[in-house]
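There are 2 protein chains.
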Amino acid sequence: MSDNTSPSRPVRPVKTATNSAEWRRYKEHLRAWKNARLDKQLEAEKTEEIQEEQSVSSIDTPVEIPKGRSYTLSIALPASILRNAQSNELRTYLAGQIGRAACVFNIDEIIVFDDDEITEEHDNNPFSASEQLIRLLEYLECPQYLRKQFFPRQKLLEYAGLLNPLDAPHHLRTNESWLYREGVTLPLKPAEGKGSWVDVGLYETRVQIDKHLTAGLRVTIQRTDITREQYFRDPNAQNNKKKRIPGEIVSPSAPRLESGFYWGYQVRKADSIGSIIENCPFVDDNETEESKYDLVIGTSERGVSHEKITNFPRFRHALIVFGGLQGLEKAFEREQNGTTAEQLFDFYLNTCSQQGSRTIRTEEAILITLSCLREKLLASARS
Amino acid sequence: MSDNTSPSRPVRPVKTATNSAEWRRYKEHLRAWKNARLDKQLEAEKTEEIQEEQSVSSIDTPVEIPKGRSYTLSIALPASILRNAQSNELRTYLAGQIGRAACVFNIDEIIVFDDDEITEEHDNNPFSASEQLIRLLEYLECPQYLRKQFFPRQKLLEYAGLLNPLDAPHHLRTNESWLYREGVTLPLKPAEGKGSWVDVGLYETRVQIDKHLTAGLRVTIQRTDITREQYFRDPNAQNNKKKRIPGEIVSPSAPRLESGFYWGYQVRKADSIGSIIENCPFVDDNETEESKYDLVIGTSERGVSHEKITNFPRFRHALIVFGGLQGLEKAFEREQNGTTAEQLFDFYLNTCSQQGSRTIRTEEAILITLSCLREKLLASARS
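The listed protein sequences derive, respectively, from chains A and B. Numbering of the first sequence is given in our numbering, commencing with residue 1126 and proceeding in unit increments. Numbering of the second sequence is given in our numbering, commencing with residue 1126 and proceeding in unit increments.
Misleading hints may appear alongside valid ones.
For chains that are exact copies, the list does not tell them apart, and a pair is met inside one copy or across any two.
Claimed, not checked - Listed next, the in silico DSBU-like pairs over lysine-lysine satisfying Cα-Cα at most 35 Å (straight line):
no., residue 1, residue 2
1, Lys-1455, Lys-1366
2, Lys-1501, Lys-1314
3, Lys-1336, Lys-1273
4, Lys-1152, Lys-1394
5, Lys-1366, Lys-1314
6, Lys-1319, Lys-1433
7, Lys-1417, Lys-1367
8, Lys-1501, Lys-1192
Since the hints were made in silico from the structure, they are not lab data. In this text the structure is predicted, and so the values were computed from the model without any measurement.
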């Protein structure tokens, strides 16, 4: 074994000392050798780490950038269900169940329709059921940090503290990385040639957009200091600690259309079941026509078992309609324009055959229906 | 036109009167003719009705008598979920949601297991979460007319009025026909040679069984004044107005095993997730071995997507296990006997991929999971 002490390939010194001076020299050698070995190990580890990092975030490596989603799922339900709850607390809780069910299944729109004559309540409740349901659903959908701004203290939201949170992707926490964020325009005077400031719920960080806007508007922001590609390559690389992040206002549908993010639901009211298919709010690219629901499904225990449907026709905007305690049939009785179930629905499905309870509550039906139809629906959705 | 007045084929008298006597005779004739026509019509209608009835309930017509069901579905869930509810009212409501979800999907057994260290609560709630959940589930399952007997006023049931009713097949109303019924033995002294009286929730009708039993027992009754065949041939032919209906005590599983009725769920407690599969309570005919769960499915967002499972192996007693807020993984951490998820579960499934909320609450997971697995489960169930 040769005494090769070159630093590139150190060899452990051989213990040949016979006196104390040689012994000291030997120990010094040994220490040097040990240190060299340690340095080398550390260096090797570092190189490995860098290589690993590069293999993950190297510009040459293809990163999977999520595709956008152009199809939408809407649900419609009767306002009367709220009236069947026993107290304002439980009415609030019920609205929360509906909001959560919608969120769990990526529902883009909730339509609340009136299904009975009682549109105003006079039993010490000055709000109509649809008004209350819509307000609660909107409150729940709004990111927590914007609620004070858009939902001042009010009787309708008295028990909002009982709502279970949506925990939706657009309810971003302060420490989370982001590409899009909901915000409110601020009443701060921007510098000459600069756009308005937007509060996006980050304590020390504000977004500056390129336009001047009135204060107090709810806006969807896309940050412009990084590209979509950069974001998806390494979402955690962004620095949220900056005082100013440049951004631009995008459509609330942009996170879905561009990046396939679920970005909450919108809520609207329809006067009766016959008018739910009017005013489809979605914007389709490359289409000159107005958008409309191209797959409308009614749910009822008197419908055909969903198991008999092997697949749905291709659709872009699906709408699933739920009845109240007395079923969808009741809602049609009230319909003034004479719209019938046959005219409205492409499918009339029973999504829970052999049910062990005589009744299925609407908040249960939403989860049950979306769960068993999900696979078939997604297979027929136009990307 | 001949004046044919034979009663079998009356002809309307012709108005030929020229004086008052003839006029009176004519009117008498007309009245007689009208009466005869009315009688004939009534008779014809009656005959038609009888024929119709015979064509429905004729002894020669094959009647579909439902088959029994020997397979069972059980669910297990952690007691901790109750602790996450904000108030006793909401805890009660949550238990109600779970009971209803179980009922809608014909669940035969609910197992409540402890999944964290806190088994007793000291924040002004003297009951453990599992105790409260079990009591509420049992209360909900009990037919309304037996509740006063088996659930005296108590703190745990303070808000039971908030529970949405199960509306299960064994919660029979007084005007409904029945073959089986839940009841309580009465402290009435029966006549010599006769059995005990049972209150089955019918105001003027009691059931007399063939045995002597202590008063105050909850029993399942099968009426013996009609056979199963007679019942299914014409459920509405029974007379519920009798003062005494003869019956016999059957196992609570008899309605399911013999006639395929869903007959509510039973509830039991397990000390930890590792012990949920012990004490499978179902009785199998023609089997010498003790019954056991032969298909155990765990649910977790970290499981395999349920869509990848095309079918389950044949089973008789399936058990589906749900986690709490922190998932099933948390429950295994606490497991003292070292049972692992791999040992316990035949399948570990994610039943809601692409969920739009970061969390799925257990009461939601039950509906979602049972809805999307239902078809596959039933296809693999041994009849």
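A quick look at each hint next to the structure:
With identical chains, the CA atoms of Lys-1455 and Lys-1366 are at most 35 Å apart between copies only, with a shortest distance of 34 Å across copies and 55 Å within one. Within a single copy, Lys-1501 and Lys-1314 get their C-alpha atoms no closer than 51 Å, and across copies no closer than 62 Å, so neither meets the 35 Å cut-off. Taking the shortest Cα distances, Lys-1336 and Lys-1273 sit within 35 Å of each other inside one copy (24 Å), while across copies they are farther apart (68 Å). Proximity of Lys-1152 and Lys-1394 under a CA criterion of 35 Å is satisfied in neither setting, with 84 Å inside one chain copy and 66 Å between copies.
Within a single copy, Lys-1366 and Lys-1314 get their C-alpha atoms as close as 22 Å, which meets the 35 Å cut-off; across copies the closest is 83 Å, which misses it. Neither within a single protomer nor between protomers do Lys-1319 and Lys-1433 lie at most 35 Å apart by alpha-carbon distance, with minima of 59 Å and 53 Å respectively. Taking CA atoms no more than 35 Å apart as the test, Lys-1417 paired with Lys-1367 passes in neither setting, with 43 Å inside one copy and 60 Å between copies. For the identical chains of this complex, Lys-1501 and Lys-1192 are neighbours both inside a copy (20 Å) and across copies (31 Å), given an alpha-carbon limit of 35 Å.
The earlier numbered hints that this structure contradicts are 2, 4, 6 and 7.
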